[in-house]
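Novice: The chain contents come next:
Protein chains: 2
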Amino acid sequence: MKLKKRKTNYHHGNLRAALIQDGLDLIEEKGIPALTMREVGKRLGVSRTAAYAHFKDKAALLAAIGQAGFVEFEKAMEGAKNSAVNFAARMDAMSVVYFNWARERRAHFEVMFNALLQGGAAAETGPVFAMLKEVIREAQQSGEVRQGDPALLARVVWALFHGVSMLDRDSAESHFVRSSNEVLRSGLNAHGTSERT
Amino acid sequence: MKLKKRKTNYHHGNLRAALIQDGLDLIEEKGIPALTMREVGKRLGVSRTAAYAHFKDKAALLAAIGQAGFVEFEKAMEGAKNSAVNFAARMDAMSVVYFNWARERRAHFEVMFNALLQGGAAAETGPVFAMLKEVIREAQQSGEVRQGDPALLARVVWALFHGVSMLDRDSAESHFVRSSNEVLRSGLNAHGTSERT
DNA sequence: ACCTGAACACCGTTCAAGT
DNA sequence: ACCTGAACACCGTTCAAGT
Chain A
1 MKLKKRKTNY
11 HHGNLRAALI
21 QDGLDLIEEK
31 GIPALTMREV
41 GKRLGVSRTA
51 AYAHFKDKAA
61 LLAAIGQAGF
71 VEFEKAMEGA
81 KNSAVNFAAR
91 MDAMSVVYFN
101 WARERRAHFE
111 VMFNALLQGG
121 AAAETGPVFA
131 MLKEVIREAQ
141 QSGEVRQGDP
151 ALLARVVWAL
161 FHGVSMLDRD
171 SAESHFVRSS
181 NEVLRSGLNA
191 HGTSERT
Chain B
1 MKLKKRKTNY
11 HHGNLRAALI
21 QDGLDLIEEK
31 GIPALTMREV
41 GKRLGVSRTA
51 AYAHFKDKAA
61 LLAAIGQAGF
71 VEFEKAMEGA
81 KNSAVNFAAR
91 MDAMSVVYFN
101 WARERRAHFE
111 VMFNALLQGG
121 AAAETGPVFA
131 MLKEVIREAQ
141 QSGEVRQGDP
151 ALLARVVWAL
161 FHGVSMLDRD
171 SAESHFVRSS
181 NEVLRSGLNA
191 HGTSERT
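Protein chains in written order, with the working numbering: chain A, 1 to 197; chain B, 1 to 197.
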């Protein structure tokens, strides 16, 4: 049976996408160090150097895997954001998505943030940051959150989410998560600070 | 001139300490991937495999480097803690130490936390965590911080410090840091939450 | 364009052996 | 005890070459 229209047997119509997908599977199954240019080629049935036709080097492959992760992650966060209108509920839902992602997809998560964070303060770019900013802004309008630069407050929220997910590595200590969300909520709610603009 | 008392020229009386120190220099100068069992041996004038006499494998060397880092880090944090008695000033001082360390010694910082965080929720062990807990506890006694499990609140503080230092990688955006400290302070100060115990 | 194979300069780690 | 040297099974990357 003839599988492809091509006469030659170049092994893939879309090797690039296959490399990203298989690289991702590889790191989730066996850890980041297991991702090898040679190994990923072997698994896909192409030569050890085929990946270089699509990626400048290993770092570029990893960066692409990280970006692919963010696309999915953003969708999940978007869902959490839309699951409620009230600020506290939104924050809870978004934090749950964040922590679960970090816990269940450790390796991918690490690759995602390595890709995101290299080369300066790139964290405030991208949809996730925009979402957090919007949630903050809307909550300020409804009076649920105190005044202050939404971008700055969004960074604080992100930082706490990220820090908790780092320190909480693989355990699912809901006490910690609840505590963190509480502190954050009161911190954003309070009015006793010098912030007045 | 005779340098050592030894007749043989084993190159070091204390190769172990030299490996840790030189490994540390290496990662700070050239990044973590530059730390190689072979390279560190070469730099110290011993064979490529000499390190295995003192460390089971590369991971063990890295872990030792990380631990050595924590010893210094703890000293710096201790200094910050003792620089003030009032809660807000203490938190500011400790956060400055944390952020500066993360900024100025990136590679070492990364190695430290890789070592600390592997194998479960190890973060709540060790002097740094104990210090944070103590600061919180004292501030609760003086009425500066609301009630609640000091261990839990200390974790939240650590998580925010850590998250900020991650997201803020190499820039020194004091706005972000100030904002974060403010949110944290009001979060710990507030009383409007369900926390009543 | 897309892919291969050989080649180069590296790795971590093991192990028999030396002092 | 502490260290060496050879050896093994890997890497990332380059490059001339094939279709």
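One or more hints might be untrue.
Copies of the same chain look alike in the list, so a pair counts if it works inside one copy or between any two.
Stated by the list, open to error - Derived pair list, reagent style BS3-like, types lysine-lysine, alpha-carbon separation capped at 30 Å: (1) 42 <-> 58; (2) 75 <-> 58; (3) 30 <-> 56; (4) 58 <-> 30; (5) 81 <-> 58; (6) 30 <-> 81; (7) 42 <-> 81; (8) 75 <-> 30.
Because the hints were derived from the structure by calculation, they are not lab data.
Novice: Let me make sure I understand: some of the numbered hints might not hold for this structure. Which ones are they, in numerical order?
Specialist: Hint check: 5, 6 and 7 fail, others pass.
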